[in-house]
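Q: Each chain, letter by letter, is given below.
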Amino acid sequence: MPDISVATIATIVAAASPLVFAVVGETITEKAGVVNLSLDGSMLLSAMVGFAVAFTTGSVTLGFAAAALVSALIALIVAFASIELRLNQIAVGFVLTLLGANLSAFLGQDYVRKPGPYITSMEIPVLSGIPGLGPVLFDQNPVVYASLILVAVSMWFMFNTRRGLELQAVGERPEAAFARGIPVNRLRYVYTVLGGALVGIGGAAFSLDVKAGWSDGHIANYGWIALAIVIFGGWHPGRAALGCYLFGLLQVMALKLQPSLPNLSQVLPILPFPLMIATLVVVNLPAVRRLAARSRVFGRLFQGEPPGALGRAFWRE
Amino acid sequence: MNRALEALRAATPRLLAVPVALAVGLVLLWVADAPPLETVRHLLQGSLGGQQRIGDTLMVWAPLALACAALILTFTAGLWNIGVEGQIIAGAIAASWVARELSAPPAVVLSAMLAAGALGGGAWAGLLGVLNVRGGVHEIFGGLGLTFVATGAVIYLVLGPWKRPGIASTSGTEPFDAAAWFPTLGALRVSPLAVGLGVLAVVAVYLVLRGTRFGLRLRATGQGRAAAARLGIPTDRYLMYAFLLSGAIAGVAGAVLVGAQHHKLVPSVSGGYGFLGILVVLLAGFRMAWAAPIALFFAMIASGGVQLQLRLDLHSSLGGVFQGVLVLSVLLAGGWQALRARRREAAARA
Chain A
1 MPDISVATIA TIVAAASPLV FAVVGETITE KAGVVNLSLD GSMLLSAMVG FAVAFTTGSV
61 TLGFAAAALV SALIALIVAF ASIELRLNQI AVGFVLTLLG ANLSAFLGQD YVRKPGPYIT
121 SMEIPVLSGI PGLGPVLFDQ NPVVYASLIL VAVSMWFMFN TRRGLELQAV GERPEAAFAR
181 GIPVNRLRYV YTVLGGALVG IGGAAFSLDV KAGWSDGHIA NYGWIALAIV IFGGWHPGRA
241 ALGCYLFGLL QVMALKLQPS LPNLSQVLPI LPFPLMIATL VVVNLPAVRR LAARSRVFGR
301 LFQGEPPGAL GRAFWRE
Chain B
1 MNRALEALRA ATPRLLAVPV ALAVGLVLLW VADAPPLETV RHLLQGSLGG QQRIGDTLMV
61 WAPLALACAA LILTFTAGLW NIGVEGQIIA GAIAASWVAR ELSAPPAVVL SAMLAAGALG
121 GGAWAGLLGV LNVRGGVHEI FGGLGLTFVA TGAVIYLVLG PWKRPGIAST SGTEPFDAAA
181 WFPTLGALRV SPLAVGLGVL AVVAVYLVLR GTRFGLRLRA TGQGRAAAAR LGIPTDRYLM
241 YAFLLSGAIA GVAGAVLVGA QHHKLVPSVS GGYGFLGILV VLLAGFRMAW AAPIALFFAM
301 IASGGVQLQL RLDLHSSLGG VFQGVLVLSV LLAGGWQALR ARRREAAARA
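Line by line, the protein sequences give chains A and B. In this text, residue positions in the first sequence follow the working numbering: the first is 1, and each later residue adds one. In this text, residue positions in the second sequence follow the working numbering: the first is 1, and each later residue adds one.
Calculated directly from the structure, the hints in this document are not laboratory data. Treat each hint with caution, since some may be false.
What the hints assert, rightly or not - Here chain A is said to cover these stretches of chain B; the calculated rule only asks that three of the stretch's residues, wherever they fall, bring their Cβ under 8 Å from a Cβ of chain A:
hint	segment
1	187-201
2	277-284
3	311-324
4	332-341
Cβ coordinates follow ideal geometry from the N, Cα and C atoms, glycine included.
Isolated chain A (complex conformation) (with noise of 0.2 Å):
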């Protein structure tokens, strides 16, 4: 077992960081009933686009901007096919997927392995200074400042606030919410678009920072990780959180692993896939279901229910 230190640790929660905007990003849209899909062609496109007008510009903020902006475009469209054209949001999904990917590349030609700019650190006085705590929490660069915050206030967004709750009534049942006056497919627009440009932000949270750069395929699958890591998480933006650092440790130790196994780190990549068919498996065990049904602390950890009305339109007879 290789020994896991203070350092360590903030290089996972730093790692990590892209993932976990992507991860909230989706758990937020498919909270609202509707799936994107689209991420890994949504991550690479919003990687390239973001690298490119940093690069262009200079200003990294910029790039961070222009990402954003492009996966919440992609999302528009993924809501606008699905709530007014009620098609099906895995094959419009899935054809984005593809299509970002491809479009990724074609456009991305001439930024291929060139330097750029990238994200600095800004180490905070004196929090950073507490031991343990401090380089893991308050010496990083703003964007995993900003991935922390994100899961605190999403959550704190979604299970404590009135809007948080009218989100999940939207995803859930969405007759009944619409009944009580809530509107759903506005609703529905809004979190979709929310969630995109947060997956923007995580593809360029890559290319500027984590793996700062572009290349062919640059990000390939991260987007499939982080879907797998949404059901991971079952649909709780805290606990899918949790499954981006996980998923970071077991990079970390592959890494330090690889002297003594040299075909791990070639293999670990895929680790998330299993466990989230484990857990999809786990959670549908009548005996698991039953006892989360009993027990609240229980149903915390194992509730692995997807949002009631996910993947299916909503419309006014």
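Let chain A serve as the given structure and place chain B on it in line with the hints.
A: Just chain B now, with coordinates in the frame of chain A:
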């Protein structure tokens, strides 16, 4: 005559999607600073100019058509078998194992490879089926998960137990013995066996879905599980049949890829044939008779794209962008058409 007009009017928005996709293609060419007519000429010449080129296009078509046939079976049962990519890979692994282990006359080796491919793909899809039907795991996420597991298994095999003597390299395993190479037509690279299997799968799936009790029951299951069950159809069993058959066909595609194209196991053995197949099937509206020619068109774009890269220095992703825009605009146009029909109906009722 009236019916023909009606059909034409119904199809108009979808047909309009094609010029939209072409326009986007033109914009992309303009971005890449490439002459449009020249591009089309190279694309046609690269995919259809001469026997060798036609053969190459057919060699892309064969696994793609197999993937489409596999997908249409599961779509008919109402299942999103995105895991088809993983089933192709599983078939490729199984066929590679036979090719590496079995020394026998070519006819025996090839038959065994195809059987192993079908078994491998079928087993991988069967696992997905059990997860879906018994475990309640959604087939999209289960399928994607198993696809990544299969990819991991290939990488593990290529770099580990099946590595070339001395060097572990991502360029693949040692090439198979000659007995495991699908025979080609003279000096051409095209394998009649591979193309024949593609045709066979297309025809078989078309006939089964169109004219058999099995096809009818599969369709009923796909259109409404509860209603089908009330009619006395054992829906769970039919879902499993769909998974198993689909996986077996996909596995044959995997055997074709290693036996006729790579002649060894490589890390990206499928290279997205399963995912491309989903685009084709979506464009074809889940109909086999349409999917086969559309697959040929997509195969032309893929094999002609190689020429575009060589001659005009166009990026290989251009074809994929065009295919994606085409499918997206056809889907959106179809949705738009349905929306207008709903509005007309609502207006007529009011």
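Q: Each hint should be assessed against the structure and marked as holding or not.
A: Checked hints:
With a cut-off of 8 Å between beta carbons, the segment 187-201 of chain B has 0 residues touching chain A; three or more are needed, and the interface restraint is violated. Here the segment 277-284 of chain B counts 3 residues with a CB under 8 Å from a CB of chain A, which clears the bar of 3, and the coverage holds. Residues of the segment 311-324 of chain B with a Cβ under 8 Å from some Cβ of chain A number 8, which satisfies the need for three, so the listed coverage holds. With 6 residues having a Cβ less than 8 Å from any Cβ of chain A, the segment 332-341 of chain B passes the three-residue criterion, so the hint holds.
Of the hints listed earlier, the one the structure fails to meet is number 1.
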